[in-house]
Amino acid sequence: MTNPSSSSPLPLDVTDLTVAYHEKPVLWDVDCVVPEGTLLAIVGPNGAGKSTFIKASLGLIPTAAGRIKIFGKPYASQRKRVGYVPQRESVDWDFPTHALDVVTMGRYGHLGWFMRPGKTEREMAMDALEKVGMAEFAQRQISQLSGGQQQRVFLARALVQDADLYFMDEPFSGVDAATERSIIQLLQELRFKGKTVIVVHHDLQTLKEYFDWCMLLNVRRIALGPVDEVLTKENLHRAYGGRAAFLRS
Amino acid sequence: MIDFDYTLTTVVLGGALVGLLSGVFGVYALLRKQSLLGDTISHAALPGIALVFLLLRVKHPLALTLGAMAAGWLGTMIMPAVVNRSRIKLDTIIAVVLAVFFGFGLALLSVIQKLPTANQAGLTKFLYGNASTMLRQDVHVMAAFTLISVCAVLLFWKEFKIATFDADYARSLGLPVRWLDMLLFSLIVVAITVGLQTVGVVLMSAMLVAPAAAARQWTNRMEIMALLSALFGMGASISGALLSSSITHLPTGPATVCIITLFFLISILFAPNRGLLWRWIRRRSHHGEITQARLLEELYWLEQNHEPGSHYHEIRSLQAVNRERIDRYLDTLTQQGWTERSGAGGIRLTSAGLKQVKTAHAEMEGKERL
Chain E
83 MTNPSSSSPL PLDVTDLTVA YHEKPVLWDV DCVVPEGTLL AIVGPNGAGK
133 STFIKASLGL IPTAAGRIKI FGKPYASQRK RVGYVPQRES VDWDFPTHAL
183 DVVTMGRYGH LGWFMRPGKT EREMAMDALE KVGMAEFAQR QISQLSGGQQ
233 QRVFLARALV QDADLYFMDE PFSGVDAATE RSIIQLLQEL RFKGKTVIVV
283 HHDLQTLKEY FDWCMLLNVR RIALGPVDEV LTKENLHRAY GGRAAFLRS
Chain A
100 MIDFDYTLTT VVLGGALVGL LSGVFGVYAL LRKQSLLGDT ISHAALPGIA
150 LVFLLLRVKH PLALTLGAMA AGWLGTMIMP AVVNRSRIKL DTIIAVVLAV
200 FFGFGLALLS VIQKLPTANQ AGLTKFLYGN ASTMLRQDVH VMAAFTLISV
250 CAVLLFWKEF KIATFDADYA RSLGLPVRWL DMLLFSLIVV AITVGLQTVG
300 VVLMSAMLVA PAAAARQWTN RMEIMALLSA LFGMGASISG ALLSSSITHL
350 PTGPATVCII TLFFLISILF APNRGLLWRW IRRRSHHGEI TQARLLEELY
400 WLEQNHEPGS HYHEIRSLQA VNRERIDRYL DTLTQQGWTE RSGAGGIRLT
450 SAGLKQVKTA HAEMEGKERL
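So the sequence lines, in the order shown, correspond to chains E and A.
For the first sequence, my numbering gives the first residue as 83, with consecutive numbering after it.
For the second sequence, my numbering gives the first residue as 100, with consecutive numbering after it.
The hints are simulated quantities; they were obtained by calculation from the structure and are not laboratory data.
Take the hints with a grain of salt, since some may be wrong.
Claimed, not checked - Output of the computed footprint for chain E on chain A, the stretches with three or more beta carbons under 8 angstroms from beta carbons of chain E:
1) 251-258
2) 261-272
3) 309-321
Cβ coordinates follow ideal geometry from the N, Cα and C atoms, glycine included.
Hey, can you work out the whole structure from these sequences and the hints?
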């Protein structure tokens, strides 16, 4: 997975990350180092700070302490190498626009001020829709897409960013089993191309099948590493408390 | 007969600019679910107008507009500042800012009315709007602001759009969303203060929201929505101005708002896809399709009890399990060639009907497998 001789800096290197909201820690002193070409799942109970971790890494929320480096540099200078899939519920899907237009937004960062997306951008967006199996819905108003289709539109939007590191916040929520499989296949393809993909995930059952690495989070980092090493009874108990008995008997 | 004299041309031109501006920026207020923002800004602008007049003692159009803008802007910026720094919710602070600023403005107006200067008359037109007192000078000021605002929207179109649709994502791309929001809200303040003289503080929020809400009904594209909204705003403003000039004592503001409300009602009721009438028709036709499919299915199950194709089933056995009248739907099915009737109240599936049922079954299984 990692090439030890390469000196290329780590895709994500987080040290001592602390985020607090009204004097209550949401993330506390979290370290997270992710090697290149890893498919990493962030798991943990509700309110564990999974989304917060992603948002803090992207500089979307203020941090109380800690240092975040993307490919060895601060996020601000590495934006074009990072793709983001926000939670589907975070936007109003009744917005007057169609699927292709939403995907085109993935190129806005590269376009720069005042430039309108043109033929090149639309072609890239079409390609991305093709990859997620949504080409026939390009002109569809986004409220007329199913939850899984909306999720795939967001995924396509991140794909056109053509990034090296992807953050995805619950890309499997509201998605049926078939779509989940096609999405994970896509993520694995990205990983084979040497991209690093960090995903907030909920299902402990599929963790081992889908992901290489896993970070177990509950405000503090419980464990980080290959899925097998992380998913011990002890770690799960520390993250989920008594509820872990239901999750993995 | 409408006579296009100096006053009327002025009023029509001014109205068109107001309609254009509030139409375009109403789209953003609506899509950001901040329709009440217009109400707050227009009420907050009043003390600005009164203060400028108290200082200058003349009704200089540009100065009054700038005063209105400053106060409206202050009111707008206070709201997110308070929400971000406390646990007070947005709707609370909207109500507080609106009432406090407006109350202060009214107090200043009553102070002005007691001044010995004869020049104070006409400031109350900002309350209900009166376009007939508008001068060419006023129109020039409005035109300048309109030009600047429309240019800004064209320049920042994609930035405003993504910041409205998905602010977090826009931020992750490196767009300065906070500055974009501030610019956009400042432009909304401009749009509202420009309209105050003709429409008035009290009714201005309708001018901001109604054209956009009407436009949203007709299209699923933001570009077209903005264009339509501008057209609706202009149409309502111009016809409101014409109406009030031909009917004595009818102020422009209320006339304009009545017309835009009419646009809004028509759009809510009759627009294709989103309109209520359209939805009603679609629900009826869905209902019909579902009933037909169910009747075919029921016939198919009746068929299972006998030798295939040997037997007409009594229509009464279908009626027994259906609460509503099904004759109409059975007629349609027969016309489609999916069922055939016998003279004596019997009905059965044709081979085409059988095929239809099986296709439906296969489709359903396919969906389950997915």
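Against the structure, the hints come out as follows:
no.: 1; hint: 251-258; result: holds (count 5)
no.: 2; hint: 261-272; result: holds (count 10)
no.: 3; hint: 309-321; result: holds (count 5)
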